[in-house]
Amino acid sequence: MPGKQMKALLLWLAVSMPIAACSAGTTATDKEDAPSDRSTAKTPAIDKPTELTLYHPWGMTQQLFMETEGKYVVKKYPNLTFKVLNRSNGTLEELVASGTKIDLVYATETELYLLKQFNLDSDASDLIKLYGYDLDKVEPAVANYIKTYNGGKIPALPTQLQTLALYYNKSLFDKFGVPYATDRMTWDQLYDLSRKLTRSDGGVVYRGYADGAINNSFRFNPFSMPLVDPLTNKAVFDNDRMKQYLDQLIRPLTIPEYSPQSDTINNNKARDMFRKEQTLAMVTMMTTDFPRASTGDTVNWAAVSYPTFKDLPGVGPQPEIIMWYVTSTSGNREAAFLAAAEMTSVHVQTELFKEGSITILKDKSGLGTFGSSLPDLSGKNVKALIPDKYAEKSPYSRYAPTAAGQLVGVYVQSALGTKDRNTSFREAVERTDKAIEQSISTK
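Residue numbers (mature numbering (1 follows the signal peptide of the UniProt record, and there is no 0)): -28 to -1, 1 to 415.
Be aware that a few hints might be false.
[What the hints assert, rightly or not] Using C-beta positions, here's what the derived DEER-type ranges look like:
(1) Glu66 - Lys147: 13 to 23 Å
(2) Gly149 - Val177: 15 to 25 Å
(3) Lys55 - Thr226: 47 to 57 Å
(4) Lys352 - Lys168: 48 to 58 Å
(5) Ser337 - Thr12: 45 to 55 Å
(6) Ala17 - Lys406: 46 to 56 Å
(7) Gly123 - Thr12: 23 to 33 Å
(8) Gly381 - Gly303: 40 to 50 Å
(9) Leu203 - Leu107: 16 to 26 Å
(10) Ser143 - Pro21: 54 to 64 Å
(11) Thr204 - Ala17: 21 to 31 Å
(12) Gly303 - Thr270: 49 to 59 Å
(13) Pro21 - Leu107: 27 to 37 Å
(14) Asp269 - Pro112: 19 to 29 Å
[Claimed, not checked] Derived DSS-like pairs (lysine-lysine); straight-line CA-CA distance at most 25 Å:
(15) Lys326 - Lys109
(16) Lys334 - Lys48
(17) Lys391 - Lys241
No wet-lab data here; the hints were simulated from the structure.
In this text, a Cβ means the ideal position worked out from N, Cα and C, and glycines have one as well.
Assemble the whole structure, with the sequences as input and the hints as a guide.
Quick look at the structure:
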């Protein structure tokens, strides 16, 4: 595999492994990164040799970081060097216990609790004001969330996003003479396509749709419904809206010819049926999970935007936010902030956008074509991987993944018809509350 393609793939993988419409235009400049009034902002500068220690909990290596974000940061700040640590060097807890001083932590918004647990969380609001950092350039759903999710404190700057998308197998649509899926479909339209595609042919069962990211489908639901109340730490997903959402997720699975089985409706199996067995016509996966011919995928795929609801026209799922956290223990706090800020600059975001990293910027008009450096995305409907409008983020709770895991059980029971839906929801709430109570009691 060519080096550039491998580098881009590794960047995608580094983003997509969880710890717990784009057109050509004129080139943007870093002048667009700051508010129009810079009269009171301090001029960004790092005047003396400074080393920053970064912690990346997944597979980011020193070399990969310097080949992606790092090279742009040191170009702007030549006095800056980086030391990159990842899971091979130890967990965050182990590194903190050993006395390792970390300046920046790369993590999703969900991992804020880890930084709090180890007293690494901080508030960068003063630095945002000092250097005139413009949060208004960021996607509204992201900016609104960052300003509020930590009690008004801003512990990190966003750098990348990922969310849900709908992928389909063009060959199966061709095989059965069904028109291709389209952008901005409603869930009713997805069901109609599923009904036409679900059948037995030549002794093989072909299924129209399955969810290959069901946990995240609940967490990033387009209604912005919280799964856990952050004030009471109680599950709050037993409501009519969530049941409406669940109904749409399982409706294609209830088509008589579908024959849902417990081993055919889990995340991994759904992805395998789509990518390997090629008996699944449509699948929901994260935007970082698109099939790659460069790694052996042979499915003839295309992508369209995540289905919408009639009462939420044009609203996609919530984004998952990847951020650089400036730690409370950093001995180079201003330098750490400036490095993180540079990674969110228009210039750097433009380059990462070309390599398949979904930008945090609101204005994408000058960024070029998404994924243009990735051969696997050549000729693909890449605009489908970026919603026209993200749903607002639901209030932050570290226990949302716990609740989502219990909702997966409701999804399975409802699809298989093994338990009354209301009972299934009630019991899932009880299990979630018990799990949260146990987690709190063991702190």
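Taking the hints in turn, this is what the structure says about them:
no.	hint	verdict
1	Glu66 - Lys147: 13 to 23 Å	violated, 52 Å
2	Gly149 - Val177: 15 to 25 Å	holds, 18 Å
3	Lys55 - Thr226: 47 to 57 Å	holds, 54 Å
4	Lys352 - Lys168: 48 to 58 Å	violated, 23 Å
5	Ser337 - Thr12: 45 to 55 Å	violated, 29 Å
6	Ala17 - Lys406: 46 to 56 Å	holds, 53 Å
7	Gly123 - Thr12: 23 to 33 Å	holds, 26 Å
8	Gly381 - Gly303: 40 to 50 Å	holds, 46 Å
9	Leu203 - Leu107: 16 to 26 Å	holds, 25 Å
10	Ser143 - Pro21: 54 to 64 Å	holds, 56 Å
11	Thr204 - Ala17: 21 to 31 Å	violated, 46 Å
12	Gly303 - Thr270: 49 to 59 Å	holds, 51 Å
13	Pro21 - Leu107: 27 to 37 Å	holds, 30 Å
14	Asp269 - Pro112: 19 to 29 Å	violated, 34 Å
15	Lys326 - Lys109	holds, 19 Å
16	Lys334 - Lys48	holds, 23 Å
17	Lys391 - Lys241	holds, 22 Å
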